[in-house]
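Q: Sequence:
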Amino acid sequence: MFKSCPDPALAAHITACWPLPGVRAGSALIRRHDRLLIVQDDALAVILLDMATGTIQTLGLRKSQGTAMSKATKPDFELAVAGPDGAIVILGSGSTPDRRRIAVLDPNDGQFSVADGDDLYAAVAEALGHTPNLEGAVRQDETLRLFHRGAASQPSASIELPWTAPTGGPISVTAVVRLDLGTVAGVPLTLTDATIDGAGHTLYTAVAEDTPNAIDDGPIVAMAIGILTDTHGRWAPLTEPDGQPSTRKVEGIALDPGGRSGYLVTDPDDPALSAVLCRFALTGPWS
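For the sequence shown, our numbering assigns the number 1 to the initial residue and increments by one for each residue that follows.
Hints are not guaranteed to be accurate.
[To be verified] Label pairs and their in silico Cβ distance ranges:
hint, residue 1, residue 2, range
1, Asp-34, Pro-8, 20 to 30 angstroms
2, Asp-256, Thr-53, 11 to 21 angstroms
3, Ser-261, Thr-58, 36 to 46 angstroms
4, Gly-83, Gln-57, 16 to 26 angstroms
5, Asp-270, Met-51, 37 to 47 angstroms
6, Asp-270, Gln-244, 19 to 29 angstroms
7, Asp-256, Thr-58, 18 to 28 angstroms
8, Asp-85, Val-114, 14 to 24 angstroms
9, Thr-231, Asp-269, 15 to 25 angstroms
10, Val-114, Cys-17, 30 to 40 angstroms
11, Thr-53, Asp-85, 20 to 30 angstroms
12, Glu-240, Pro-170, 14 to 24 angstroms
13, Glu-240, Asp-269, 34 to 44 angstroms
14, Asp-180, Asp-85, 30 to 40 angstroms
For the record, the hints were derived by calculation from the structure and aren't laboratory data.
Yeah, the Cβ is synthetic: ideal placement off N, Cα and C, and Gly gets one too.
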């Protein structure tokens, strides 16, 4: 079991927030040059946000063109990772049969493909020993690391496969690491997204959500940002601009160049509410 522990020398602060009208259930975030790609877990669509102008463009992955779907039928797209050619691979959580789709998007021209990922999710489930609830992904050279979000007594985990596994390459799990990310007020922190910082380490977001399983939502006790290296993990509670602990459900993270600031996107768990985009900053010895 790989443990990540709270480090009082680290701090993670939200510095500003604004709602994203028409954007719901933000679940993953990719920064690409001057644009942010925002994944929604309740629609077959992604959002491109121009950071300079604030212009929002919806790219429908199928004819739904971003129409909200019910909790039972939604694709639950939760992971997004950029390939070496710039293409964005987007994956469902795998927590139900309807949530095992894989989309590949070219953000330059909006071209996309969507395919069933049953073989990949079956391999991940076999390696974990239970149904996955994938929430984050990073690419390191030719390796794809998927992150399973735990629930209750079930820990989070990372699963390694060849980078090409989601796009027709060989599907073979090469490593599984169980992650103990700590607790807040007795509620386990479970991973909601991940990215790579400038030093090649994994920066992650984790939520303490009081829920017994991967399907049902629950009250948010705390939010944290942490870092995983080859030898250890550390984390800090996420705080609001006024210094109070954040209870936003952050499900996407993207870093600025330099890796000490960036963007977060939330999932309000309510289709009537807009997702919120936040700026954040890190202080302390994160590297």
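Q: Next step is simple, just say for each hint if it's right about the structure.
A: Against the structure, the hints come out as follows:
1. Between Asp-34 and Pro-8 the beta carbon distance is about 36 angstroms. The supplied range of 20 to 30 angstroms is therefore violated.
2. Hint check: Asp-256 to Thr-53, Cβ distance near 18 angstroms, so the stated range 11 to 21 angstroms holds.
3. Range check, Ser-261 to Thr-58: Cβ separation about 27 angstroms, and the 36 to 46 angstroms hint is violated.
4. Between Gly-83 and Gln-57 the beta carbon distance is about 21 angstroms. The supplied range of 16 to 26 angstroms therefore holds.
5. Checked against the hint of 37 to 47 angstroms, the C-beta distance between Asp-270 and Met-51 comes to roughly 26 angstroms, which is inconsistent with it.
6. Between Asp-270 and Gln-244 the C-beta distance comes to about 21 angstroms, which sits within the given range of 19 to 29 angstroms.
7. Here the CB-CB span from Asp-256 to Thr-58 is close to 25 angstroms, well matched to the stated 18 to 28 angstroms.
8. Under the hint 14 to 24 angstroms, the C-beta atoms of Asp-85 and Val-114, about 18 angstroms apart, fit the expected range.
9. Remark: the range hint 15 to 25 angstroms for Thr-231 to Asp-269 is contradicted by a beta-carbon distance near 35 angstroms.
10. Checked against the given bound of 30 to 40 angstroms, the beta carbons of Val-114 and Cys-17, roughly 31 angstroms apart, stay inside it.
11. For the pair Thr-53 and Asp-85, the beta carbons lie near 26 angstroms from each other, so the given range of 20 to 30 angstroms is met.
12. Taken as a hint, the range 14 to 24 angstroms is violated for the pair Glu-240 and Pro-170, whose Cβ atoms sit roughly 45 angstroms apart.
13. At about 18 angstroms, the CB distance of Glu-240 to Asp-269 disagrees with the hint of 34 to 44 angstroms.
14. Checked against the given bound of 30 to 40 angstroms, the beta carbons of Asp-180 and Asp-85, roughly 36 angstroms apart, stay inside it.
This entry does not satisfy hints 1, 3, 5, 9, 12 and 13, going by the numbered hints stated previously.
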